[in-house]
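Student: Single-letter residue listing:
2 protein chains.
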Amino acid sequence: MAQFNSGDVLSLCKRRGFLYPSYEIYGGLAGFYDYGPLGVTMKQNIIDLWRSIYVLEEGFIEIDSDIVGPEMVFKASGHAENFQDLMVTCKLCGEGFRADHLAQDFHPNPGALSKAELQALIQSENITCPLCKGDLSDIEEFNLMFKTKIGPGSGRIGYLRPETAQGIFVNYPNLYRYAREQLPFGVIQVGRAYRNEISPRQGVIRLREFNQMEAELFVDPADKSWKRFAAVKDEKVKLVPNSDEKEIETTFGVAVEQGIIAHETIAYFLWVTQRFLRRAGVDPTRMRFRQHLKTEMAHYAADCWDAEALLSFGWTEIVGVADRGCWDLSRHTQYSGAELMAFKRFDEPKEVERDAFKPKYGLLGPEFKAKSAKVGKALEGLEVSSLKDGKVEVDVDGERFVLTDKYFDVVRIKEKVNGIKVVPHVIEPSHGLDRILYTCLEHAYSTDGEYTRLGLSHESAPIKVGVFPLMARDDLDNKAMDLDRKLRESGIVTYYDESGSIGRRYARMDEVGTPFCLTVDYEVFENGTVTIRERDSSHQVRIPFEKVVDVMKALLDGKSFDGIA
Amino acid sequence: MAQFNSGDVLSLCKRRGFLYPSYEIYGGLAGFYDYGPLGVTMKQNIIDLWRSIYVLEEGFIEIDSDIVGPEMVFKASGHAENFQDLMVTCKLCGEGFRADHLAQDFHPNPGALSKAELQALIQSENITCPLCKGDLSDIEEFNLMFKTKIGPGSGRIGYLRPETAQGIFVNYPNLYRYAREQLPFGVIQVGRAYRNEISPRQGVIRLREFNQMEAELFVDPADKSWKRFAAVKDEKVKLVPNSDEKEIETTFGVAVEQGIIAHETIAYFLWVTQRFLRRAGVDPTRMRFRQHLKTEMAHYAADCWDAEALLSFGWTEIVGVADRGCWDLSRHTQYSGAELMAFKRFDEPKEVERDAFKPKYGLLGPEFKAKSAKVGKALEGLEVSSLKDGKVEVDVDGERFVLTDKYFDVVRIKEKVNGIKVVPHVIEPSHGLDRILYTCLEHAYSTDGEYTRLGLSHESAPIKVGVFPLMARDDLDNKAMDLDRKLRESGIVTYYDESGSIGRRYARMDEVGTPFCLTVDYEVFENGTVTIRERDSSHQVRIPFEKVVDVMKALLDGKSFDGIA
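Going down the list, the protein sequences come from chains A and B. Read in order, the letters of the first sequence correspond to residues 1 to 565 in our numbering. Read in order, the letters of the second sequence correspond to residues 1 to 565 in our numbering.
Think of the hints as simulated: they come from the structure by calculation, not from any bench. Among the clues, some could well be false.
Note that the list lumps identical chains together, so a pair holds whenever it fits in one copy or between two copies.
Unchecked claim - Here are the simulated DSS-like cross-link-like pairs (lysine-lysine), alpha carbons at most 25 Å apart as the crow flies: (1) K486 x K559; (2) K553 x K486; (3) K414 x K233; (4) K149 x K91; (5) K479 x K227; (6) K358 x K421; (7) K227 x K486; (8) K75 x K147; (9) K377 x K414; (10) K149 x K75; (11) K350 x K133; (12) K553 x K227; (13) K149 x K416; (14) K233 x K369; (15) K559 x K91; (16) K360 x K377; (17) K227 x K547.
These figures come from a predicted structure and were not determined experimentally.
Whole structure, please, built from the sequences with the hints as guidance.
Tutor: Printed below as a string of structure tokens:
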């Protein structure tokens, strides 16, 4: 097999209609790619597979929220402050660069350097503009969100979302209600997200406009066990734990027992991720899970793993699975004032102790007269956290009263409660859809320089079967078109082709990853059979014309090709 | 049936998870709506239906292009110049308003007024700010595209696309190649588009972020007949032609014959639109096609029709079908320099006459010596349109020569050609997805004040069948869950519910438009049957437990309920 690089894969993608560099007639736009006809179908296949796993098998619900959002949402999420890269600008030509990219010839891992360290390196090594050798500005933070203005006039500042997740968090009250106010519940979203890269590179790996599939699972913070974990714990997995950064092969169960993976819920969704990626067509020998280093992990994250794929540019993150703790909901509570909590009902009412106000009715009476009973009652209903500087405010029939602490004691009381309110923790499997699709393409790609084959999985392949008449005459074409229509009507995506030699037609289908081809030749008139050919083995067998739809369905469902003869 | 308005429908949508006003915990954001779990599924159902019509039945291909685009694309499309509303700003409070909205109490149709006329009206009527009574600024044009900056530093100006169509036009060379360089061919796209409304209103009808389904059909400008039109020409349609603006009922065929609809291709896609909308669930008695008035129509459009639905706010455009002529491709050719044409092959080579350069070799020889033959040949290959001020430039082996007209004559020649290049015309059916979905909801909505039913079409309904055990005990629940799983595995979306009375459960399903409910009661143990209930008739029949999946499939495929008993 000839060596190849990502350029070869992208060139096939453009030639055959998977991926087009955007705005090419206008000279292109770095960091933007369009999906062509085969790419759209393949992307939809991957989404459908993922959705069937999360919605049908795991019971998640789905939403579709807006891409443009108001500034406050991204202040709450932390993106307004922290979603940034370090940048230098050429004083001469005005071009901007990522500081760590310019430093990469001078340091083994410039991405890990602080702003001050990078600044010092650029100065000590006299790094200049790679385009015009001009002097560089000091390093500045560049926020990576695309900014816009909503409405006319002074308008409101808005941003294009940097991740689909926030649309789920801000809808928490609606979604919690939809989920009948029970934990755990999970929500997915598929859609565009944006990152205004300083210098995009690597084809579709680092895009400014990209597609995500994110799942947010809301769980009881006190219980991160997972019922279905027992069924998968013996499955194997390759892990790179952050303790020593060495790849190990183990099982999900052992990794949890040994404390390598923080808990069952994370481990279960790593398993879900692994199964999904394999079915989509990621090569199991070229994938692994790498745990974030303590220095990489967000301060609020309890554990975080990346599914990495080995690509021509090295190991690349394609999915992240993180325990984000209560960060997201707490921040949105803080910024919006909305209560984003879940009520955890006890199996039976529990007696709990808490601090409470005990009104001194003897003093309230003379002061508040007829209202004193109501004032006392209101005071009893307040949390003691509302006490500020020895005073507390109560609301009675729309009137406000300020009570100093001479009117009450704070006492420890016992009461029966049915449950408590908690801020759910969030477990987030977040998928880079474009990266996953590209990984499937690169892992499927092989070439000898002349003949190129995409060994796409049955589930990802945009065309499931090519349908050819041996010749476009003698009623063979009508028979083939009839077959083609039958297959389409049964929901199988076909490609009808009658031009060129059969060999060329097979080659064209192999090049776009079509797993099977059907050829209608003269034997159809003799014994009613047609030829079916499997892409990866090039093997051919004859099957009855009348059974084609059933055979194709069985093959696409995973039946082995050798079993159908 | 009680009267209702759009607020009632939107309130149901929010309560039951179809549509959520966006960013509600932050006080909301006008012109933005999110799709909840049932809304996502319903939207996906409508997209799937539309896609099956355009891709499977009509043979269109699909792409998915970027939302953010560079300025030049929208200069070419005309949006940078013309996609605008007339706006006034309050000098006191700074709020912006659409000038025509403020004028609506003073004129029957302020939207049709020119800028100067509106300005005069505002002055003569002393119209002030509706919020604070402040004085208003002069009218300004407000461009409705969301603007952003791509990349760091000075960056490039970018816009969020105002329609998905442009992504198809700028990919024309890729798509023409994918379509094997034949006309006609069609391309669809589903995705977000943006319109930075000055003052959004009417729920999801006038959104700032919305969803479109657009089809662009590229046709031979000299042939706008349509092969399959013959099969549909006798179907009925309600039209409001622009000649007298009166609604008529006729057939597509007659409308083309009488010159009401410009040609067969437009008429055919009006039929496709009508059939799609009806299947999605738009009430046929509340829809029609209205032809754009000459004054409304874009100057380049040959004909343009809106599919309108009657909603609680009056007749509302939900689809537009336009013949856009060569406008789009010509403009992008003009701005990009790329050749966006199709080669129209003649059935057999034709002799054509054209002007051509005839070199005077007697004069070229002495001047160009050894190169004179090549110079002459190059000249013969040029179009005479390259003649500027009596001079023409030729390229020979990388060298440029300027020839004055003493070196050539311009003569009329005859030659055989295999075809000609043409700029395809574009027929565009453009669908407002959110509006279509909302129309299906409003047309399906009925209420008596207590009990509310959504009579959604089988194809749009997000849940196809509710599955209930009569009681959550005595093995009835296990039987029902078994049934539920079987239905899901066969691809039918179900909702399992065991809480509350059966009547309440039916009511909950009716309210979200679920067409059927299955109840497992004690008879299942006696004679192996369960009850199936139809939403719209409330009729119930018993069917064998074992046949439920087949019966459900037949019903969803359109079999009548009375036929299954």
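Student: With reference to the structure, classify each hint as holding or not holding.
Tutor: Hint-by-hint comparison with the structure:
1. K486 x K559: Both: 20 Å inside a chain and 21 Å across chains, each within 25 Å.
2. K553 x K486: both (12 Å within a copy, 19 Å between copies)
3. K414 x K233: Classified as neither; 43 Å inside a copy, 80 Å across copies.
4. K149 x K91: between (29 Å within a copy, 20 Å between copies)
5. K479 x K227: between (52 Å within a copy, 22 Å between copies)
6. K358 x K421: within (23 Å within a copy, 91 Å between copies)
7. K227 x K486: between (43 Å within a copy, 22 Å between copies)
8. K75 x K147: Classified as both; 13 Å inside a copy, 21 Å across copies.
9. K377 x K414: within (17 Å within a copy, 104 Å between copies)
10. K149 x K75: both (16 Å within a copy, 20 Å between copies)
11. K350 x K133: neither (72 Å within a copy, 59 Å between copies)
12. K553 x K227: Classified as neither; 33 Å inside a copy, 33 Å across copies.
13. K149 x K416: So K149 and K416 fail the 25 Å test inside a copy (51 Å) and across (58 Å) alike.
14. K233 x K369: neither (67 Å within a copy, 85 Å between copies)
15. K559 x K91: Result: close neither inside a copy nor across copies, 63 Å intra and 73 Å inter.
16. K360 x K377: within (11 Å within a copy, 111 Å between copies)
17. K227 x K547: Classified as neither; 42 Å inside a copy, 33 Å across copies.
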